[in-house]
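Colleague: The chain contents come next:
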Amino acid sequence: MDASNYLYISALLFTIGAVGVVVRRNAIVVFMCIELMLNAANLSFVTFSRINGDLNGQIMAFFTMVVAACEVVVGLAIIVTIYRSRRSASVDDASLLKR
Amino acid sequence: MNTSQSLVYLIALPLAGAALLLLGGRRTDKWGHLLATALSASSFGVGLYQLSQMLGRSTEARPVSQKLFEWINVGTFNVDAGLLLDQLSICFVLLITGVGTLIHVYSISYMSHDHDRRRFFAFLNLFIAAMLLLVLGDSYLSLYVGWEGVGLASYLLIGFWNQKPAYATASKKAFVMNRVGDMGLSFAIMIAFATMGTVSFAGVAEQVENTSEAALTGMGIMLLIAAAGKSAQFPLQAWLGDAMAGPTPVSALIHAATMVTAGVYLITRSNFVFDAAPTAQLLVVIVGAITLMFGALIGTAKDDIKKALAASTMSQIGYMILAAGLGPVGYAFAIMHLLTHGFFKAGMFLGAGSVMHGMNDEVNMRKYGALRKFMPITFATFGLGYLAILGVPPFAGFYSKDMIIETAFNAGGVKGIILGSVTLLGAGITAFYMTRVMILTFTGTKRWDEDAHPHESPWLMWLPMAVLAIGSVTSGFLLSRGDALVNWLHPLFEHHEEHEHHLLEPIVVSGLALTMVAIGVAIAFVKYSRQEVANIAPENVSVFTKIARQDLMQDRFNEAVFMRPGQALTTTLGATDEAVIDGTVRGVGQLAMSSGSALRGLQNGFVRSYAALILVGAVALIAAIWVVVQ
Amino acid sequence: MLQLALEVGQTAKPEAVMFWILGPLAVVASLAMLLVKKAVHSAILMAFVMVILAIFYIAQDAAFLGIVQIVVYTGAVMMLFLFILMLVGVDSSDSLTETIRGLRPIAITAAVGFGGLMVSLLGQATIGRSAVGLSGANAEGNVQGIAKLLFSTYVWPFEVVSALLITAALGAMVLAHHQRTTTRPTQRQLSIDRFRGDSLGTAAGLPGPGVYARHNAVDVPALLPDGTPAAASINASLEARGDMLDYKKFELSEINTKVEEEK
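Residue numbers (our numbering), protein chains in the order written: chain A, 50 to 148; chain B, 1325 to 1954; chain C, 8 to 270.
Please note that the accuracy of each hint is not assured.
[What the hints assert, rightly or not] Derived lysine to aspartate or glutamate pairs resembling EDC-like cross-links, with alpha carbons at most 16 Å apart:
hint : chain 1 : residue 1 : chain 2 : residue 2
1    : C       : 155       : A       : 103
2    : B       : 1691      : B       : 1773
3    : C       : 20        : A       : 51
Bear in mind the hints are in silico, worked out from the structure with no lab data behind them. Nothing here was measured: the structure is a model prediction, and the numbers come from that model.
Could you build all of it, start to finish, from the sequences and the hints given here?
Modeller: Here it is in structure tokens:
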């Protein structure tokens, strides 16, 4: 089987995640879509690792996961803080930075 | 040079008075005028002490100086704030503090009904201090400080009754016209600094030899402009008539005896500059001659007693400037005329104030008449001043004015004849208009307003007048006896050996002058004493009189030549600035603002729309890569 | 299971079978994640996609990453997501109607363009290349290979990342920390407030839910002696979440209270 098929599916998942970030309003769902995009990127790393016969790609994926974990922790804390003050998890409600 | 630590008290005493009275506020109302008078008198006392000290020293050791503090010290440029008292300054110091004190005394009574008398005395003290700084400064820069100080004091005092718009305008006019002259002085200082690297009198005097004549001529012309501004000389003479808006003691002190003579002081003090710049010196003479006639002609037509006297002041200062322009031979006579004029003109102004005091502040001479009986002392003192200004021997004016006329004739050649004739003619016209003032005011029929009750002024007012009258009688004789003043001032001026080529013998000159005076008096007598004088100025008069009544068109001339084009220029500049420069600047701002507000629509605050834009941007980026790869 | 997956990964054909089953499933699940209304369902679908990705990793000779994916992502991260979802409101469902005009067409157009371009570029980039395979690199074992790299070449980034983790933990604590602006009332103060307050109505404590009502569930308000429902008997967080039943329908006036006399 051609390993590049994994790359195609990675591109698809990434695109779906990007659409999700734009169209969904619930901050948590938006956040999950971002995670989906990161995971799609990880899949690419792993596939490139296999194609090149080199473990460096997997190391990159590993670091991505760690950074993503940090991001989730801080991001969710922010969401909780916003929810606490605005009683809403919609990203549209926090639209104070406008003209 | 000797130093003296007490010079500063000359200035500090009246300055302290001004500060105390201005800062002290109403609680000094009761005794402020007395304090101011006392301080002015004590300054006069210091002046007398200095004179006695000076007389006790040999000629070379007479000038004394005092360094106050290091003022400016930049690189090689050093200016110390220092005072210099020499034979020339002491004359001024005694004139300023002496006449000043007398006028303080006069004002105690004259201003007694004014609720703001304290402020008036504060300003008078301020003036005395500034004027003393002007004559005591040992550099052009110190002089400049005093020069501006007297300008300020003059402005404040002309506009003392600034509740009347006309008076406020008059003070503003005086201030603005003085600024023109002040610019001249500052330019002169700049020229001195640029070409000689020093601004002290001693330094400039030393450097004159090493300086080009062009620079000296420029500096001389600038000094002349400064002198013309302060001394109301042609072409900056227009403010003096309006300056009569101030209280009469102010007119006597500032606009007759002291401040207006600052120009003469400046020119005599800068004698080393003018002696080395013949062109500038010639201009001084011309300005003096023109103003002499100018003032005299205006004086013949004025019905306002103070304005007639102001025109006379202008004319008399013209004499002094003319004398100062004649070089070393004339300086001493200029100063002598300045001193005698200080006495008799101040006395006459105080007399005019006394008349106004008795006539409900009426200034129109056509509404006076026959006041001799009602104000005998005023008549006597005014009359002595009158005889002095006419130059009738042995009164003061005779000695000083005759000397000037004689020196003018001796200037040599055509110049001498022209100048001599002008001064002679001026003497005649002076006699005419002063006689006119005397006749209209003190003799003839009563033309008073119905509510006028003329009376003699209180002793506080007539005492200074009497003292000044004594000065008017004796000062000329005392100053010229054995050439006292000439010898006194002699060491200050570079002296050329006397080439005794007299165009006319002194006695002939005196005779001619007295003849002119007699003719002037006679004409005035015929015109005003033999005929009935209307109490309203007649309208059907010659064109000449009409023009003279309007101050020889000086205001119209200024308005047409300077004010209108100036206004047009500034309006154009303003419009250009508004349209082109501001327009460009605003255009840039407008562009930024409009493009900003157009782009602002993108900032709707919704994170998701920003994310969509990022996505679109990513698509564009990948599309670009795709195009490159293809 | 792991052994099976590893074996599947070793051979070409079983891998293709696995890929063509799980690949479409992952795409469908992620698409569904966008389309479902409830955030909890999204989270479940997300976890499903992540598990599929873990299998993909293992199939591609990345056993370590596959396990980490399941443990860290599906286990820890998704748990965190669900935890927050519970905190924010598990039942609240999103409306999927778009409120920002023109956003959805733009997003879909851009996404189609993005996906198409990516696929096209990938196709060009991978034409004529066959995978080297990791059998050489994984000769000493996948975990050992990664460890060797991680603690030699990547030791500095590794340490930096540890600092990042600590910072993130601190940041989360700071963000979640709630600053008290007043001192905590003592029990004595609370007691005084209860009895010295405006009314003695709550002096004996708030009414419990369901008292005298027809149900005794926590979301049913108690009835006061006059028959009106007591809103205070419901937990405030239930009310805030919108999970409270409409208490109007428990008013006595709405209920037929006529007792039919027994014969």
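Colleague: Indicate, hint by hint, whether the structure satisfies it.
Modeller: Against the structure, the hints come out as follows:
A hinted pair counts as satisfied when its Cα atoms are at most 16 Å apart, and residue 155 of chain C with residue 103 of chain A qualifies at roughly 13 Å. A C-alpha spacing of about 7 Å is found between residue 1691 of chain B and residue 1773 of chain B, which places the hinted pair at or below 16 Å, so the restraint holds. Distance check on the hinted pair: residue 20 of chain C and residue 51 of chain A sit about 11 Å apart at the alpha-carbon level, within 16 Å; holds.
Violated hints: none; the structure is consistent with every hint.
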